[in-house]
Amino acid sequence: MGNVLAFSEFQGSGLKSSALANLSFAREAAKAHGGDVVIALVGKGAAEAAPAAAKYASKVVVVDDAALEHYLAETFAPIVARLAGEHGASVVSATATSVGKDLLPRVAALLDAAQASDISSLVAGTQFRRPILAGNAYSIVELATPVIAVTVRQSEFPPAPELGSAGQVVTAAAGAVDALGASFDHLESQKSDRPDLSDAKVVVSGGRGMKAGENFKVLEQLADLLGAAMGASRAATDAGMVPADWQVGQTGKIVAPNLYFAVAISGAIQHLAGMKGSKTIVAINKDPEAPIFQVADYGVVTTWEKAIPELVEEIKKVKASR
Amino acid sequence: MKILVPLKRVPDPELKTKIKDGAIDLTGANWVVNPFDEYAVETALRLLENGESGTREGGEVVVVTIGPEDAAQQLRSALAMGADRAIRVDAEDKNLDSRAVVQVLTKIIEQEKPDLILMGKQAVDGDANQVAQMLAGKLNLPQATFAASIELAADKKTVLVGREVDAGVEYKRIPLPGVVSVDLRIVSPKAVKNNVTPASHAYPEGPRYASLKGIMAAKKKPMDQKKAADFGLASPAIKEVKVELPPPRPPGQIVADIPTLVKKLVEEAKAL
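Protein chains in written order, with the working numbering: chain A, 1 to 322; chain B, 323 to 594.
Be aware that one or more of the hints could be misleading.
As the list claims (entries may be wrong) - In silico lysine to aspartate or glutamate, EDC-like type, Cα no more than 16 Å apart, as pairs: (1) B:512 <-> A:238; (2) B:561 <-> A:142; (3) B:541 <-> B:392; (4) B:585 <-> A:314; (5) A:319 <-> B:412; (6) B:416 <-> A:142; (7) A:306 <-> B:579; (8) A:16 <-> B:488; (9) B:435 <-> B:488; (10) A:286 <-> B:579; (11) A:191 <-> A:220; (12) B:564 <-> A:142; (13) B:585 <-> A:220; (14) B:429 <-> B:449; (15) B:338 <-> B:488; (16) A:191 <-> B:579; (17) A:279 <-> B:579; (18) B:585 <-> A:142; (19) A:317 <-> B:392.
Said to hold, decoys possible - DEER-style ranges, computed between Cβ atoms: (20) A:319 <-> B:569: 29 to 37 Å; (21) B:520 <-> A:188: 17 to 25 Å; (22) B:535 <-> A:28: 56 to 64 Å; (23) B:527 <-> A:180: 28 to 36 Å; (24) A:173 <-> B:557: 35 to 43 Å; (25) B:347 <-> A:47: 27 to 35 Å; (26) B:561 <-> A:177: 46 to 54 Å; (27) A:178 <-> B:428: 17 to 25 Å; (28) B:432 <-> A:66: 48 to 56 Å; (29) A:217 <-> B:395: 46 to 54 Å; (30) A:173 <-> B:542: 55 to 63 Å.
What the hints assert, rightly or not - Chain A is nowhere near these chain B residues, computed Cβ spacing over 12 Å in every case: (31) 372; (32) 382; (33) 419; (34) 484; (35) 493.
If you are wondering where the hints come from, they were derived from the structure by calculation, not from laboratory data.
Remember, predicted model here, so these are calculated numbers, not experimental data.
By construction, the Cβ of each residue, glycine as well, lies at the ideal position given by its N, Cα and C atoms.
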């Protein structure tokens with residue numbers, strides 16, 4: 001018996017879309033544990049997002065403090081651990097974003113909880129299915145601590161729908177905020193009008209065979225046409241062709257769009273781990289032996305130079321005929 | 323400056339996964355140092371040396387593993403790369419989970435008092451990505467996970483870490499002692515700065531290979547053996563119920579040309 005404390009990231013006056021995957025999980029887990037979902041909104045400005053969050057759970061607890069302007073594991077973890085105790089949580093969960101992955105194990109340590117990371121499903125109350133070995137196998141694990149921690153793979157859970165009625169919003173004090181000397185310095189990010197790689201419906205990725213960063217402009221035409229996010233293999237990001245945060249793979253982002261284009265990507269295990277959950281995979285590669293063809297639903301053996309402009313034209317025709 | 327690098331052995335990630343009786347079949351496994359931990363060893367060495375002249379500017383790199391006798395081989399690999407000293411805590415793999423590992427490492431860190439704890443962001447077998455954060459939490463130390471770059475301040479009291487996050491690269495400064503977990507790009511040519519190696523110096527991509535001299539020297543370097551029982555090892559709280567292979571994807575098809583591809587994407591896959 002116990003509640004599920006769902007640490008949820010917000011932006012402005014709403015929850016981040018990544019948070020909704022964890023809320024799907026949290027509802028399942030709350031049912032299994034005979035408790036309720038309690039959303040934890042922590043950070044400066046959290047109060048502003050509380051009304052939106054209240055549409056997803058019967059209770060939202062808000063910790064809004066100027067000292068929490070930037071996310072830091074050092075300051076957030078003690079707060080989340082304290083809220084878990086105060087709200088009778090037997091499960092503390094978050095989506096496995098870069099924040100969730102950084103934060104939850106630290107919270108787990110403070111609660112002496114065992115953690116299941118990056119789960120793909122809830123099997124039973126404390127049993128979870130999770131990918132291991134770069135997605136080459138799945139492990140079903142059972143956690144035996146009184147309180148457990150879970151991070152949830154975003155692509156494996158649907159976004160939670162809103163509930164019929166709004167939940168209760170309560171506020172809690174941050175208490176003494178001690179960053180242990182750690183500080184946020186700055187964020188380097190590439191602004192883009194494209195959808196987030198992690199939750200795009202269509203992803204267009206290029207690999208080593210693109211040869212140079214400027215050649216990705218050709219792929220961007222395809223992405224623009226489909227409203228797709230841009231991705232890349234590790235070979236392409238390592239070669240500096242495109243920014244590192246485009247990387248799809250075991251060490252990059254895990255994506256599972258409806259449609260995934262792998263262009264001039266050979267298909268190393270590393271890359272496959274990040275995209276083989278996609279619904280439909282298209283591979284374009286001039287090498288008929290490329291391993292990417294083994295996971296692709298549709299393959300075309302040709303060069304990207306020839307294929308992409310033609311693909312853009314053909315898709316334009318389809319769109320025009322609708 | 324003392325840097326402690328906990329490392330784990332993993333079955334060679336390049337080899338195909340086999341499953342037997344609901345568990346990973348490790349008979350005849352080829353064990354290697356977890357690649358991310360190997361990057362942590364490389365990072366530790368780069369932090370303590372002048373990369374241009376190849377000379378060490380003092381300091382010590384201590385590598386630690388928790389595992390059976392065979393796991394000493396992976397410690398030797400790290401010593402051959404240039405680490406100074408190794409500690410192996412004897413334990414069976416089946417008795418270990420993240421919490422147990424953290425419990426042992428916490429005690430070792432209390433004994434060794436390193437200035438920096440550096441490790442891979444995750445082991446590529448379990449892919450759990452927990453130990454660094456849990457360790458920092460237990461020891462109440464600052465943490466910087468998923469490091470793609472690290473710069474040691476001239477006074478050696480803080481590090482500025484470039485962290486791979488979803489939105490790009492976040493720069494976080496932490497005082498030492500602290501815990502840093504490393505990502506792939508930490509071994510790119512200019513990712514590690516220590517105010518000793520000239521800023522213009524570019525390392526080769528990736529971790530260094532052990533030289534023959536390094537391999538010979540490693541045999542004489544100290545390796546301390548400890549027993550897990552001495553650390554009051556907790557029984558594991560994570561039980562592996564079963565391991566299974568992912569469902570196979572239905573076989574795909576090679577199509578002749580782009581118009582055929584688009585036709586199939588529209589009509590068959592209904593993806594456009």
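- request: Hints the structure violates: just list their numbers, smallest first.
  value: Violated hints: 5, 9, 13, 14, 15, 16, 17, 18, 19, 25, 26, 28, 33, 34, 35; rest satisfied.
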